[in-house]
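Q: Chains as they are written, first to last, in my numbering: chain G, 586 to 898; chain H, 68 to 327.
There's no promise every hint is true.
Derived lysine-lysine pairs resembling BS3-like cross-links, with alpha carbons at most 30 Å apart [claimed, not checked]:
1. Lys155/H <-> Lys678/G
2. Lys155/H <-> Lys876/G
3. Lys876/G <-> Lys834/G
Source of the hints: derived by calculation from the structure; they are not laboratory data.
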Amino acid sequence: MNLSPAVVVDDLCRRYGPRVALDHVSFSVARGEMFALLGPNGGGKTTLFKILTTLLPATSGEVRIFDHELRSHAHAIRARLGVVFQSPSLDRKLTVVENLRHHGHLYGLRGQVLRERIAAMLDRMGLRERAQDLVETLSGGLQRRVELAKGLLHKPDLLLLDEPSTGLDPGARRDFNWYLSHLREQEGVTIILTTHIMEEAERCDRVGILHQGRLVALGTPDALKAQVGGDVIAIQGPRLETLRDQLSKRFACNPVLIDGTLRIERPNGHEFIREIVATFPDEIQSVTFGKPTLEDVFIHQTGHQFWRAEHER
Amino acid sequence: MHQVLLPVSTLWGREIVRFLRQRSRLVGAFAQPLVFWVLLGSGFSASFRPPGSPEGSGYLEYLYPGIITLVILFTAIFATIAVVEDRKSGFLQGVLVAPVPRGSIVLGQALGSSTLAVLQGALFLLLAPFVGIPLSINTAVLVIGVLALVSFALSNLGLVIAWRMDSVQGFHAIMNLILMPIWFLSGAFFPATGLPIWLVWVMHLNPLSYGVAALRRSLYLHNPLAVAHLPPLAPALLVTLAFALSTFLLAVVTAHRNEE
């Protein structure tokens, strides 16, 4: 068994004119791993995704997929990639089956083998009854499933998914996630997905957080969350700036004011809350307290609110 | 071998299925030139008899091969607009990440477009007896061969433009600037006789002029004297073949550039 990583990204940069979309990004993804690229839109996810799909050349740096250098062996790599784009890549004037058949042909499949794969994919994705329908008559969720069926039809070794659960209703999302886990466990497919949804990233083996083109965090969801100092306390109140200064003086902590919320990372948060509420009863309207999430990791690393970063781009 | 041909044939077939499902394209590419022909041909016939045209023939007859060329041009244009739409809709992305050489993609697109153009051109051929051109087997075979070459060349020319464009509007602007003048100045609309010398030169340098000449030569096999002022068939065919091959290469190069 070959244990070299499925994907190695080394010091990757991509510029669009003066704008830096990817800034010296390095990471690797093991075979059979499920890896999430998490970040707000505009953080560089889509650029990185396009480079991995062979559609976009890097400005500098190197990408190796299954031990092949990406640019010089694009053709060999493409045959082993399954790509599911965020934007639809279906021909709306063709039926579901016709779309899958054309896709199979592009990957060199035909005849009996192709027919069996298509039938199997239609069953798996629950599309059998709609197989002869024009894609344009399907709902958004169903089109998304055809999209996935297409990406998986040729049994890729590396599956690249751009915001895969966009447009799926909760039920379909559950099925889809189950299916991804199944693919990885049963067939050893390596999966890289981009997402801005925390829960989706939580389910992956490892997460890379992209912000303004830089990889600001990389690790398992648990390890990342452990980087945040203990619990996360969020305070709302009338005079937060004053409160911040007083808190940092008195409790030797480092509160951060983001978007009208005072955020403090602290071990044993529940005890801390009792203390501060007793000390500043008039300054605190509400307090929330929780174990750190990936969103807290993002804030911890960047000092930005995740959603705010999307708007600021 | 099927690794190379399968993608070509699947993209080729797709163009044809799509065309059949969009009736408006059929109307656009066929009825429009027909109306053009009848109105222009009849309108000009009173005032204008092309120099060098056969005795007793009118402008309607002169314009006939030109209109067949226009049918082909329109079909090629519609088919290449479809490529711009493929890019906008995202379909092309899916093709570009597949293990298919860019040349195969271009070839599939060009063959799809050419097939539609030849079929529509051939449909127009059925009107030949109405303008006094007798249809023999030889004529029909030769004409269809010429149409295939011209269609392939014009489709590729359209693809060169389409692969650079990301909006249909942009394509229309370039089309009016490049493709229509190529047709106007090909001898399809008026002959190169008695024109200002610079215009004569432009028409001589226009590769489509030789396609139109080959088409006229093929249609007048029964009466070569009527087209005696045009280049002979063999050289006209050769230039058209070269036109088709070079536009294809240009389209493949453009498709490769598209990645950068």
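Q: Now tell me, hint by hint, if it's right for this structure.
A: Hint by hint, here is what the structure shows:
1. Lys155/H <-> Lys678/G: Cα-Cα ~14 Å, so holds.
2. Lys155/H <-> Lys876/G: With a Cα-Cα distance of about 44 Å, the restraint between Lys155/H and Lys876/G is violated, given a limit of 30 Å.
3. Lys876/G <-> Lys834/G: It holds: about 24 Å lies between the C-alpha atoms, which stays within 30 Å.
Going down the numbered hints, you'll see the structure goes against just number 2.
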